[in-house]
Structures are given as structure tokens and as C-alpha cells.
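Undergrad: Sequence:
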Amino acid sequence: MQNNNEIGEKDELYDVAVIGAGPGGYHAAIRAAQYGAKAVIVEKSFLGGTCSNWGCIPTKALYASAVLLEEIQEKAAELGINVAEPTVDFSKAVERKNNVVKELREGIAGLLKSNKVDVRKGFGRIVSGDKNSGFDIQVEDDGNSHTIKAKRVIIATGSKPALIPAFNIDHKKILTSDDILTAEFNTLPKRLLVIGAGVIGCEFGNIFSRLGAKVTMLEYLPTMIATEERLVIKELKSKFDKMGIELHVNQNVLNVEATDTGVKATTCDAKVPRDEVDGAEKQTFEADLCLVSIGRAKEAGGMGLEDIGVEVDRRAGVIVDAETMETKVAGIYAIGDVNNQGLMLAHVASYHGDIAVSNALNDIGGFDIHLRKASKKDVVPYTIFTEPEIGSVGMRSKAAKQMLREKGKKAYIGRFYYNSLGKAKCMGKEDGFLMIVADSETDEILGASCIGAEAPEIISEITLAMQHGITAPQLGHTIHSHPTLSELVLEAAEDVHGLAIHKAGRRR
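Using my numbering, the first residue of the sequence shown is number 1, and each one after it goes up by one.
FYI, nobody ran anything at the bench for these hints, they're computed from the structure. There's no promise every hint is true.
[Said to hold, decoys possible] Restraint-style ranges between C-beta atoms, simulated for each label pair:
id : residue 1 : residue 2 : range
1  : Gly-498   : Gly-110   : 50 to 60 Å
2  : Asn-132   : His-171   : 40 to 50 Å
3  : Gly-212   : Glu-311   : 45 to 55 Å
4  : Arg-507   : Lys-102   : 48 to 58 Å
5  : Lys-425   : Pro-86    : 21 to 31 Å
[As the list claims (entries may be wrong)] Cut-off 20 Å, straight-line C-alpha distance, at most; resulting in silico cross-link-like pairs (DMTMM-like, lysine to aspartate or glutamate):
id : residue 1 : residue 2
6  : Lys-401   : Glu-444
7  : Lys-75    : Glu-387
8  : Lys-409   : Asp-443
9  : Lys-425   : Glu-70
Glycine included, C-beta positions come from ideal geometry on N, C-alpha and C.
Please model the entire structure based on the sequences and the hints provided.
TA: Encoded structure:
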């Protein structure tokens, strides 16, 4: 990353300074520049943040290797393709993953340069200022420091893997998701223990199992990915069972330790009261490596935020206005994982970036902008890259039913299965379904869940429909190309009223 400011150079005044160059940060900086603002972005590590370097992108690169291996092993012969038994060169898969990360990182640098966004390497700390006189940001890098000044500041520092002291993370045998996605991690473990069966744990468990590791997963809750539909969880659990992934739920992991031969975790039943844990029956699980995937923590420390009046909650993060992303200190905004709004997702961070920039520049004045406010009506899709893939948006059926019941109404659910879809049969991808939940009286789509091939892509159409008030019948009356997987949307939307053509049943 280039440092475009000589140390000791006279302070420059920017319209917008962004601290953190992840999806939200670089999106905000580029958007500000597109509106004509003078923008600078400060990043202590690599451009692209967690998503591009230790999250979304590298996992999907490894996932692509795992999916291709599965298709060769399970589908090639069925489709008339005879191949020798494939072998896994994990170091080669990692090399490809590293190249993908490098290319995207360089792409972000190019976008910032072409939009004339200045890039400063270092840790950014707001030391003084206000919205009238501007804010002073100290940038420290390898013992050197310089100061930049900006009229408005956007904090986009993201999150980091959550840690628990009892898990003794040594970054060698007991790892975080950051560790397992470093460029240097290139040896496939024979046995992998995964603590946490949420999104991150399930994605890694799926990848490493597909590539040949024996995977054991420990989850504190009674189920994996507890935020998803019951039938979606059931479908994924069935697939994990077939893959040989051992899932142990209701597990309170008491400690994890490195041993001479690998790692060992000790657990007890999660239902045991805390003051009775010492006397409870214990279980031990051993493996070569342990991945701790118990969630993520806000990266809000060390920036001097509380010293200048920004409200920070240890768990919730930086407190912001829900419509503008502005903090309690006028002129300072926070977006993405680091704030207290919404899901910790890359696309939410980018969305927040648009909102913060438009409000910041509107406040400064003199810019031709499209002013945006965040709204509870804004719809956020949610995806999980296991095999089969998962996509969801809006309310789950249980919550929708309860909400409508309280209003004296019912929920109608339309469901359509991949195995009734021509394109899915042709692809050999017949596992899974799409379900749409709608208000029985207004036909408003309240939510949808999909598990199966290309589920994250399929859910986008329903996200668009929900965002713009398109009803289930209107979606069902939209012509979809045949044969395509998108016909799932048409059929499930029609099935809300029992009118799916390729499904047995009667009209409601």
C-alpha cells in the first residue's frame, strides 16, 4: 500500500477521511470521491479488510476447489465423464486462493487511485477536533506518524475473531479464521476440530471435509446455524452426516489445549448450570488442529473514540444514529461491523458507507449528492456457502406466523423443490428447496429461505421484490426463462396460493 504523504508534511484538509479499507471503507471513500469530495483512506494492514483478505473472498476461493472436487467425485461418472480418482494438492489450492486475494487487493488499489482517493498506511486515531473546525487524525506506522485533517470522519474498522481465554489460542495449533486463511497456511490437517457451528464454522467445516479432513464440530446451542429455518437446518445436517462431519450440539467447551500430537478440547453438557460445571461429566475431543469460530468482536479500540465523546459499547460497538450512521459526536460516522446497526456482513458495510457519505457531504454542503437514509424497510439478504448453499432474506416462517397471528392474520408459505425443476435435474443438483412466506391477506412477501444450488443468487430476486413491494402473485406472474434455476422463484411464489404448476396440490 502506498503512503502518499511524506512524514512531517504540512497537514492537509480533506472533506472526508475514512479509517479502515474494508468493503465499507473503500466503498465510502470512492463514493465520496465520485461526488467530488477530497477523500483519504487510512488502513493499518491490507486494502480490502477482513472480507478480501481473511474472510469472504479467500473462503470462497477454497470453497470453489472443494465444490469442484465433490462434483468430480460424485457427479462425473453419472454425467458420462470417466476420470481417474482425483487427489487434493492443498498447497496448490492455497496458492490459487492467495492469487485471487492479491488480484482483488490490487484491484481495490487501482479503484482508489483512479478515483483520486489518497491512501495512508497506518493506524488512524482521532485526536481532536469538531465538525466546525475539522478533525485531526494521527496516522502511525512502524514508529512514524503524521497528521491529516478532515471535515468529516467515517470509522470503518470492522471486526476481528472473538476470543475466549480458556481456548488458549496460540495461532499454531489452536487457530482463528484469520490464522487458517493466512498465505502461509498450506497443509491440510487430517483431523480438524471446529468450535462453533454458526456460519463461519459450517463454511470451514464443509470446505475441509470436502478436501479430505476428518471434521468434528462442537456447538453450544441445540442446533447448528440457529438463525436459519428448521427445514434448512435439517437439510444441511443431512448433507453433513453423509459427508461424515461429526456435529455435537449442546456442548459447553471448557478449555482447549495444544498437545504433543495435536489439540484436545474438554466439554460438558451446555445445560449444566455454571456453578455445577466442575462436578459435571466431561467429554474430550482430539484432533490435529482446532479452529475457533465463535463469532466476531468489534474493532473499536485504540482510536481515541471515547476520549472525544463517541459512545462505544463493549459488545454492540460504536453507537450511531440508525438513519444516518452518525455517532453522538457530530461529523463522525461509523459503518459496517464496528457499529451497532444490523448484521455484520460485507454488503451491509457497503450499504452503510453510501448512507454515511451522503449524509456527511450533505452536512458539509456544496455537493450534488443523492441523500440516503437507512430504513428498517431496507432488506438484507444473508448467504452461507456450504454445500448445498443457503440464501435467506427477511423473516423466518416461525416469526412471520407469530407476527401475523397477533394481527389476526395467517401466513401462507409457498415451497418448491429442486428435484421438480428441469434445470436442476439436468445439472444433477436436485437437493434442496425454496420457500416464500407471505401475508395471506396482502400477499406481501415477508421472507424467503433457499437451500440448494446457487441459493445465494436465487435469493437476490426475492430481495429485490421485497425491497420494492412486489407481492408473491406479482412475482409469480413474471415470466422467467426456461429452463433455469430462477424458475424456483416463479413456482414458489405461485405456490403461496397453491398454484404451482409442477407440484401436486390444490389451490388454497
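Undergrad: Work down the list of hints and note, for each, if the structure agrees.
TA: Verification of the supplied hints:
1. Restraint check, Gly-498 to Gly-110: a C-beta distance of roughly 52 Å satisfies the suggested window 50 to 60 Å.
2. For the hinted restraint 40 to 50 Å between Asn-132 and His-171, the CB-CB distance of approximately 45 Å keeps it satisfied.
3. Checked against the hint of 45 to 55 Å, the pair Gly-212 and Glu-311 passes, with Cβ atoms roughly 48 Å apart.
4. The hinted range of 48 to 58 Å is satisfied by Arg-507 and Lys-102, whose Cβ atoms lie roughly 55 Å apart.
5. A beta carbon spacing of about 25 Å between Lys-425 and Pro-86 agrees with the range 21 to 31 Å that was offered as a hint.
6. Distance hint between Lys-401 and Glu-444 is fulfilled; the C-alpha atoms sit about 13 Å from each other, no more than 20 Å.
7. Among the hinted pairs, Lys-75 with Glu-387 is consistent with the structure: their alpha-carbon atoms are about 14 Å apart, no more than 20 Å.
8. Distance check on the hinted pair: Lys-409 and Asp-443 sit about 12 Å apart at the alpha-carbon level, within 20 Å; holds.
9. Distance restraint check for Lys-425 and Glu-70: the Cα-Cα separation of roughly 17 Å lies within the 20 Å cut-off, and the hinted pair is therefore satisfied.
Comparing the model with each numbered hint stated earlier shows that all of them hold.
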